[in-house]
Amino acid sequence: MYDRIKGFRDFYAAEMGARRQVIETVERVAGGYGFREIGTPALESARLYADKSGEAILEELYAFEDRGGREVALTPELTPTVARMVVARQQELSKPIKWYSTRPFWRYEQVQQGRFREFYQTNVDIFGTDDPAADAEILAVAADALTELGLTGADFDFRVSHRDILGGLLGSFDTDVDTAAAIRAVDKREKVAPEEYAALMADAGLTDAQIDTFDDLLATPAEDLETLIEFAGTDRVETAVGNLQDVLAAAADFGVREYCTVSLTTARGLDYYTGVVFECFDSTGQVSRSVFGGGRYDDLIEGFGGQPTPAVGFAPGYATLSLLCQRAGVWPEEALSTDYYVLQVGQTRAVAARIARELRERGHVVESDVSGRSFGAQLDYADSINAETVVIVGEQDLENDEVTLKEMESGEQVTAPVDEFPGDYQRPTVEKFTG
RNA sequence: UCCGGGCUGGGGUAGUGGUAUCCUUUGGCCUUGUGGUGGCCAAGACGUGGGUUCAAUUCCCGCGCCCGGACCCA
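By this note's numbering, the letter at position 10 of the first sequence is numbered 129, and the numbering carries on one by one without gaps.
Derived from the structure by calculation, the hints contain no laboratory data. Yeah, the Cβ is synthetic: ideal placement off N, Cα and C, and Gly gets one too. Don't take each hint at face value.
Claimed, not checked - With a cut-off of at most 30 Å between alpha-carbon atoms, the simulated DSSO-like pairs for lysine-lysine come out as follows:
#1 Lys125 to Lys214
#2 Lys171 to Lys125
#3 Lys525 to Lys310
#4 Lys125 to Lys307
Said to hold, decoys possible - Beta-carbon label-pair distances, calculated as ranges:
#5 Gly158 to Ala454: 26 to 36 Å
#6 Ile504 to Glu539: 23 to 33 Å
#7 Gly491 to Pro536: 45 to 55 Å
#8 Glu539 to Gly491: 22 to 32 Å
#9 Glu526 to Gly153: 38 to 48 Å
#10 Tyr227 to Ser493: 50 to 60 Å
#11 Ala175 to Arg479: 49 to 59 Å
#12 Ala472 to Ile124: 33 to 43 Å
#13 Arg408 to Ile124: 18 to 28 Å
#14 Gly542 to Asp129: 38 to 48 Å
#15 Val230 to Ser493: 23 to 33 Å
Generate coordinates for the entire structure from the input sequences, incorporating the hints supplied.
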């Protein structure tokens, strides 16, 4: 026996069916908003990541030299790839560019609940517009996808913040503040002890009094955001607050405002976010980590050598999303489903095959015996694959030019003329041949 | 990298210093014409290396793997 590679997973048929349903739901919602599917490579130049995030990032990648001497890496995320794609055809692509893609990614990380070394996510991004409606559309796609999955506002919460509000407030203090360090500290605030948080903020250059002041500011509710403008007195904060308010107003028009809570402590760890950021959390807190996140990253495309191109997106990962769905009881049932099993008794393969073929032409999932099994064993098998209807093609029935239809759940059965089966019916059932 | 917990047939378990219980599963059979309830037969396990011992699945040590968590999360 060989073991699986740590952090990689097998999905057997029943579970895969459930995953497929969930992924298709998310993609259908994105597609409904006009996001178009793109396909991307599993390997990129390792430099794509090292240049953006530093050489240390290579330690967390599946990176190696290929036979041609190229330093390559299995893609740990999609953003650099789509940035590269946008830059490559910047002139010819009509704006806004709206793309989605569901794919595996790979990171050499420590495996924990909801986190693996190979993981699937759907990236949904808009490039080429900084209009608040684009930010709100991303929130709308995310919320619609979750509600389509059967989740409700009682199940999840989008904590919405704005990078420039935090940065602007920090920048408005008289002292010299390491903004990036302070934002990282804020992101950790709920996870660490109060003293530790204070120490981190102090390291970032804030005085005790400033830390207290800042805490009060962070608690500002959505309806009082104006007070932040007054406090800072800078254009930067005024613009940021105005932008956040515009996004929330658009979200209201799109019918998803109710899922959003302003939470200025939500900072996300990602350095490249520039504007609105949000993270989806389990409202009950049973899924302890963030389910997924998203936000605006207006500088990234330029950083990859393109024209300045604003961008906003989100990326649900299916490891955490399935945890949320399971917690909420909306994860699809993990069971096979089969429309018809065509059972053969004796030398009836030709007729059975014809019937199976015609049922398949009507779009059904149809199985028939390929093991030479006995009648009882075939019924057993049909039961094990959850066949709804069994079509018994037996020598006895055929002598009367008939087949028998059996509905597995109720056990009811009826005979039907073999020449008229499946006939004109799209979905022939026991009921349709009764009486 | 660090900190916990755990490894007994495919899955779930019981138990023991003298190689193992039960449930389930898988395959076959019980007339190749009635399954999801029965009966019979079969398959299938003590993670790994070393130590102690007459004897180790059991006790001790290392390693491996699994599950959590910390760090990290582009």
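Here's how the hints hold up against the structure:
{"no.": "1", "hint": "Lys125 to Lys214", "verdict": "violated (42 Å)"}
{"no.": "2", "hint": "Lys171 to Lys125", "verdict": "holds (27 Å)"}
{"no.": "3", "hint": "Lys525 to Lys310", "verdict": "violated (59 Å)"}
{"no.": "4", "hint": "Lys125 to Lys307", "verdict": "holds (28 Å)"}
{"no.": "5", "hint": "Gly158 to Ala454: 26 to 36 Å", "verdict": "holds (31 Å)"}
{"no.": "6", "hint": "Ile504 to Glu539: 23 to 33 Å", "verdict": "holds (26 Å)"}
{"no.": "7", "hint": "Gly491 to Pro536: 45 to 55 Å", "verdict": "violated (27 Å)"}
{"no.": "8", "hint": "Glu539 to Gly491: 22 to 32 Å", "verdict": "holds (29 Å)"}
{"no.": "9", "hint": "Glu526 to Gly153: 38 to 48 Å", "verdict": "holds (42 Å)"}
{"no.": "10", "hint": "Tyr227 to Ser493: 50 to 60 Å", "verdict": "holds (51 Å)"}
{"no.": "11", "hint": "Ala175 to Arg479: 49 to 59 Å", "verdict": "holds (54 Å)"}
{"no.": "12", "hint": "Ala472 to Ile124: 33 to 43 Å", "verdict": "holds (41 Å)"}
{"no.": "13", "hint": "Arg408 to Ile124: 18 to 28 Å", "verdict": "holds (23 Å)"}
{"no.": "14", "hint": "Gly542 to Asp129: 38 to 48 Å", "verdict": "holds (42 Å)"}
{"no.": "15", "hint": "Val230 to Ser493: 23 to 33 Å", "verdict": "violated (45 Å)"}
Taken one by one, the earlier hints fail for this structure at numbers 1, 3, 7 and 15, listed in ascending order.
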